[in-house]
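Numbering (this note's numbering), first residue to last: 1420 to 1626.
Treat the hints as calculated values from the structure; they're not laboratory data.
This structure is a prediction, so every number in the text was calculated from the model and none was measured.
Hints may contain errors.
Claimed, not checked - Below, simulated BS3-like cross-link-like pairs (lysine-lysine); rule was C-alpha separation at most 27 Å, straight line:
#1 Lys1439 / Lys1464
#2 Lys1562 / Lys1541
#3 Lys1464 / Lys1424
#4 Lys1495 / Lys1618
#5 Lys1618 / Lys1449
#6 Lys1449 / Lys1424
#7 Lys1562 / Lys1605
#8 Lys1449 / Lys1464
#9 Lys1464 / Lys1511
#10 Lys1511 / Lys1424
#11 Lys1464 / Lys1618
#12 Lys1511 / Lys1449
#13 Lys1511 / Lys1541
#14 Lys1562 / Lys1547
Unchecked claim - Here are the in silico distance ranges between beta carbons for each label pair:
#15 Gly1485 / Leu1459: 20 to 26 Å
#16 Gln1619 / Leu1539: 21 to 27 Å
#17 Gln1619 / Lys1439: 33 to 39 Å
For each residue, glycine too, the CB sits at the ideal point set by N, CA and C.
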Amino acid sequence: MIEQKIIEIENLTFSYGKCKILDDLSAAFKGSVISAIIGLSGSGKSTFLMTINHLWEELNGAIMSGRVSLFLEEEKIDIYARDLSLSWLRRKVGMVFQIPNPLPMSIYRNLALPLRMAGLPKESFGQKIETVLKQAFLWSEVKDRLREDARNLSGGQQQRLCIARAMILEPAILLLDEPTSSLDEKAAREIELLLLNLKQQCTLLMV
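Construct the entire structure; sequences and hints are all you get.
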């Protein structure tokens, strides 16, 4: 099978105030694979990820130029087009951060919230949550604890929950910012195995 590109970056330049982080960067990434972004600390890896889902726009003094396109639904989509829905983009491009960030609510509600915000019928939540927890190798560990505070989980379990939350709307692309760096060796291996399985469902771009 020949993988087709799904992300295309053209002439991307990014600055924080007068400090230029990315300078005229162009790249393309294939679908259904794991691509790694490697570089020194502070070289702009995390910033690069944020340009693919608009997260940088929350930062004061940040300026970006260039073009970021996604090849989805047989179209080339400019994600910075004025008429593009940000909620649509966030459904198509999930994000997992370096430090697990479960919401201060139950395991179940952490996963139900994106479904509710997407307007999906409540009767579908249970099956979707079970399916994504099984994909994250977490179902057997939490199936009797779904009403407990998600913050009571171990670090590795919290990160798998965050990956499950990012995957529950079936994104085409999953961005991961050093998802194992805060975990011990055993938990990191569990995350690595999970990511290898997820590449059958979506494209993974990982710092």
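A quick look at each hint next to the structure:
1. Our distance criterion of 27 Å between C-alpha atoms is met by Lys1439 and Lys1464, whose separation comes to about 13 Å.
2. With a C-alpha separation of about 19 Å, the suggested pair Lys1562 and Lys1541 falls inside the 27 Å cut-off, and the hint holds.
3. For a cut-off of 27 Å, the pair hint linking Lys1464 to Lys1424 stands: about 20 Å separates their Cα positions.
4. For the given pair, Lys1495 sits about 21 Å from Lys1618 by alpha-carbon distance, which is consistent with the 27 Å threshold.
5. Of the pairs offered as hints, the one joining Lys1618 and Lys1449 holds, with about 11 Å between alpha carbons and a cut-off of 27 Å not exceeded.
6. Taking the CA atoms of Lys1449 and Lys1424, the gap is about 4 Å. The hint holds against a cut of 27 Å.
7. The hinted pair formed by Lys1562 and Lys1605 meets the criterion: a straight-line CA distance of about 21 Å does not exceed 27 Å.
8. Under the criterion of a C-alpha separation no larger than 27 Å, the hint pairing Lys1449 with Lys1464 is consistent with the structure, at around 18 Å.
9. A hinted pair counts as satisfied when its Cα atoms are at most 27 Å apart, and Lys1464 with Lys1511 qualifies at roughly 21 Å.
10. For the hint linking Lys1511 to Lys1424, the alpha-carbon distance of about 15 Å falls within 27 Å, and the restraint holds.
11. Between Lys1464 and Lys1618 the CA atoms are separated by roughly 21 Å; this keeps the pair inside 27 Å, and the hint holds.
12. Proximity of Lys1511 to Lys1449 is assessed by CA-CA distance (about 16 Å); at most 27 Å being required, the pair is judged to hold.
13. For the suggested pair Lys1511 and Lys1541, the alpha carbons sit about 21 Å apart, so the restraint of at most 27 Å is met.
14. Restraint check for Lys1562 and Lys1547: satisfied, since their Cα atoms lie roughly 13 Å apart, inside the 27 Å limit.
15. About 22 Å separates the C-beta atoms of Gly1485 and Leu1459, a value consistent with the hinted range of 20 to 26 Å.
16. Against the hinted window of 21 to 27 Å, the Cβ-Cβ separation of Gln1619 and Leu1539 comes to about 23 Å, which satisfies the hint.
17. A beta carbon spacing of about 38 Å between Gln1619 and Lys1439 agrees with the range 33 to 39 Å that was offered as a hint.
The structure meets every hint from the earlier list without exception.
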